[in-house]
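Dock chain B against chain A, hints included.
Residue numbers (our numbering), protein chains in the order written: chain A, 1 to 116; chain B, 1 to 342.
In short, the hints are calculated from the structure, not lab data.
Yeah, the Cβ is synthetic: ideal placement off N, Cα and C, and Gly gets one too.
Accuracy of the hints is not assured; some may be wrong.
[Claimed, not checked] Label pairs and their in silico Cβ distance ranges:
| hint | chain 1 | residue 1 | chain 2 | residue 2 | range |
| --- | --- | --- | --- | --- | --- |
| 1 | B | Lys-111 | A | Glu-71 | 19 to 29 Å |
| 2 | A | Leu-93 | B | Thr-225 | 22 to 32 Å |
| 3 | A | Thr-9 | B | Ile-296 | 17 to 27 Å |
| 4 | B | Asp-64 | A | Tyr-91 | 30 to 40 Å |
| 5 | B | Ala-131 | A | Ile-31 | 21 to 31 Å |
| 6 | B | Asp-64 | A | Val-83 | 34 to 44 Å |
| 7 | A | Met-45 | B | Met-30 | 36 to 46 Å |
| 8 | B | Gly-18 | A | Val-21 | 36 to 46 Å |
| 9 | A | Ser-36 | B | Asn-222 | 17 to 27 Å |
| 10 | B | Leu-265 | A | Leu-47 | 29 to 39 Å |
| 11 | B | Phe-285 | A | Leu-47 | 27 to 37 Å |
| 12 | B | Thr-225 | A | Phe-14 | 19 to 29 Å |
| 13 | B | Met-30 | A | Leu-47 | 17 to 27 Å |
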Amino acid sequence: MSDVHVSNTKRIWFVFGLLSVVTTVEVFLGIIKPESLHLTHFLGMNLLNWIFYILTIFKAYYIVWAFMHMEGEKSILRKVVVVPVIFLVIYLLFILLTEADYIFEVFKNSTIKWNF
Amino acid sequence: MGSTVTTANSEENTWGGGNEPMGASYGKLMMWFFIVSDALTFSGFLAAYGFSRFKFIETWPLADEVFTHFPFLHGVSAPMYYVALMTFILIFSSVTMVLAVDAGHHLNKAKVTFYMFLTIIGGLIFVGSQAWEWSNFIRGEYGAIETKGGSLLQFVDNTGHRVKLSDFAVSLPKEREQLTKSKGKWFMEEGTLPTYTVAEVQAGFKAHPELLIRTEVIYEDNATTKADPKNNPTLNKIKHKTILTRAESEHRLANATVVVEGANLIRNEYGSKLFADFFFFITGFHGFHVFSGVIINIIIFFNVLLGTYEKRRSYEMVEKVGLYWHFVDLVWVFVFTVFYLV
Numbered sequence: 001m002s003d004v005h006v007s008n009t010k011r012i013w014f015v016f017g018l019l020s021v022v023t024t025v026e027v028f029l030g031i032i033k034p035e036s037l038h039l040t041h042f043l044g045m046n047l048l049n050w051i052f053y054i055l056t057i058f059k060a061y062y063i064v065w066a067f068m069h070m071e072g073e074k075s076i077l078r079k080v081v082v083v084p085v086i087f088l089v090i091y092l093l094f095i096l097l098t099e100a101d102y103i104f105e106v107f108k109n110s111t112i113k114w115n116f
Numbered sequence: 001m002g003s004t005v006t007t008a009n010s011e012e013n014t015w016g017g018g019n020e021p022m023g024a025s026y027g028k029l030m031m032w033f034f035i036v037s038d039a040l041t042f043s044g045f046l047a048a049y050g051f052s053r054f055k056f057i058e059t060w061p062l063a064d065e066v067f068t069h070f071p072f073l074h075g076v077s078a079p080m081y082y083v084a085l086m087t088f089i090l091i092f093s094s095v096t097m098v099l100a101v102d103a104g105h106h107l108n109k110a111k112v113t114f115y116m117f118l119t120i121i122g123g124l125i126f127v128g129s130q131a132w133e134w135s136n137f138i139r140g141e142y143g144a145i146e147t148k149g150g151s152l153l154q155f156v157d158n159t160g161h162r163v164k165l166s167d168f169a170v171s172l173p174k175e176r177e178q179l180t181k182s183k184g185k186w187f188m189e190e191g192t193l194p195t196y197t198v199a200e201v202q203a204g205f206k207a208h209p210e211l212l213i214r215t216e217v218i219y220e221d222n223a224t225t226k227a228d229p230k231n232n233p234t235l236n237k238i239k240h241k242t243i244l245t246r247a248e249s250e251h252r253l254a255n256a257t258v259v260v261e262g263a264n265l266i267r268n269e270y271g272s273k274l275f276a277d278f279f280f281f282i283t284g285f286h287g288f289h290v291f292s293g294v295i296i297n298i299i300i301f302f303n304v305l306l307g308t309y310e311k312r313r314s315y316e317m318v319e320k321v322g323l324y325w326h327f328v329d330l331v332w333v334f335v336f337t338v339f340y341l342v
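With the rest of the complex left out, here is chain A (with noise of 0.2 Å):
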């Protein structure tokens, strides 16, 4: 880092300008939802959930690469940052969510009515 001292000024507003597009196409999608993506389900959610997740990852990695200046650092330091937290987060939900769909299933299909 300390050895370049080109001002990155540029790239900065192009990502601003980037994030700001992806978050108005969001806001956009979030209040019209539209049916052909609403109601069309593909691997267990609708399309326009799959496009929000995609997009939330899409400016998380700018925020990280860009403004958080990853790209910058070296390889290793990059590895150790974002492979445990990856690998964390997707065993974590992967358990959770399972799980909760379980009890959905239960209390759906069973007796059992209990609110907590």
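Quick look at chain B alone, frame taken from chain A:
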């Protein structure tokens, strides 16, 4: 000095200490590791939210019916515009932060000062906006009824539009007085009583034959739901809350126990009890991060003004708080998606 600033390690002294195998100073590396652990904390919260939401997938509140307020626009349903504005404010303050870091690389004190100042202002506006959002959420708008079974009933007119309790509840002579400390013995008191009693809402509902009840259940457009005589035959739309017939509405309302207005940690008028708990906890925890970020930014801002980093010939401290500040923005991107969009 050596511990706070990255310096080029010219001597190859593998076991002598002072090595930087990741090319980052001790402080910056520790900020990254703190961010990793904090990111995992937030992931845990959001995954717990997902867990509860999946568990009550058929009855979870719809975000665009909950967050509909915009300053100075009373009675206008503006779903998500306000939170979109908040998102822009936070992204913009991230931009000014990264511009401050960039100016710091050029040892440009005036520019660092200016951009740090803008970042602090942006952060304060964001925290203020979140407080406003909370106050609307806590106050509520329409009011609802909780039944014996713990489910929530909301009111709509015969076109399917939401109706406020104050629009139809009658006023009956009250014998119930709120217990306050001044009237009680030995520190007895109770929470605020709702504006209307259950009996007043029930009487008002009886007097307005056009009113119907909307349950928490999200309507699925299939043969079973269509054939169900309890569901309203004309008003129901797919992926909206189920509206009942008048007869079934009266039947359900007979089981009412509590009038719910706004939100607290026990119950809320939007639906599932856990919804408000998660909203308060996760946005609150994020808001706390923004708040502490602003405080840290202010400290660094004054250090910049005093010329601390000018003397050090390195603005790396600005870079470290910058990392924290961007992380707060990063978390918001996910909170925004999970709470408001999906």
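Practice item. Determine whether the Cβ-Cβ distance between B:Met-30 and A:Leu-47 falls within the hinted range of 17 to 27 Å. Key: Since the Cβ atoms of B:Met-30 and A:Leu-47 sit about 41 Å apart, the hinted range of 17 to 27 Å is violated.
Check your understanding: So the hint says 36 to 46 Å: do the beta-carbon atoms of A:Met-45 and B:Met-30 match that?
Key -> Holds: the Cβ-Cβ distance is about 37 Å, inside 36 to 46 Å.
Check your understanding: Between B:Asp-64 and A:Tyr-91, is the Cβ distance one that fits in 30 to 40 Å?
Key -> Hint holds: Cβ distance 31 Å, inside 30 to 40 Å.
Exercise for review: Mind checking the hinted window 19 to 29 Å against the Cβ distance between B:Thr-225 and A:Phe-14?
Suggested key: violated, 49 Å
Practice item. Note whether the CB distance of B:Phe-285 and A:Leu-47 lies within 27 to 37 Å or breaks it. Key: Given range 27 to 37 Å: holds, Cβ gap about 31 Å.
Check your understanding: Given a hinted range of 17 to 27 Å, is it respected by the beta-carbon distance of A:Thr-9 and B:Ile-296?
Key -> With a Cβ separation near 24 Å, A:Thr-9 and B:Ile-296 satisfy 17 to 27 Å, so the hint holds.
Check your understanding: Between B:Leu-265 and A:Leu-47, is the Cβ distance one that fits in 29 to 39 Å?
Key -> holds, 35 Å
Exercise for review: Starting from the hint 21 to 31 Å, judge whether the C-beta atoms of B:Ala-131 and A:Ile-31 obey it.
Suggested key: About 24 Å separates the Cβ atoms of B:Ala-131 and A:Ile-31, which means 21 to 31 Å holds.
Exercise for review: Take the C-beta atom of B:Gly-18 and the C-beta atom of A:Val-21, compute their distance, and say whether it sits inside 36 to 46 Å.
Suggested key: holds, 45 Å
Exercise for review: Please test the hint of 34 to 44 Å on the beta carbon pair from B:Asp-64 and A:Val-83.
Suggested key: Check passed, 36 Å falls within 34 to 44 Å.
Check your understanding: Falls inside 22 to 32 Å, the C-beta gap from A:Leu-93 to B:Thr-225?
Key -> holds, 30 Å
**Study point:** Outcome for the supplied range 17 to 27 Å, where the beta carbon pair is A:Ser-36 and B:Asn-222
**Key:** Since the Cβ atoms of A:Ser-36 and B:Asn-222 sit about 19 Å apart, the hinted range of 17 to 27 Å holds.
Of the numbered hints given earlier, the model fails hints 12, 13; all others are met.
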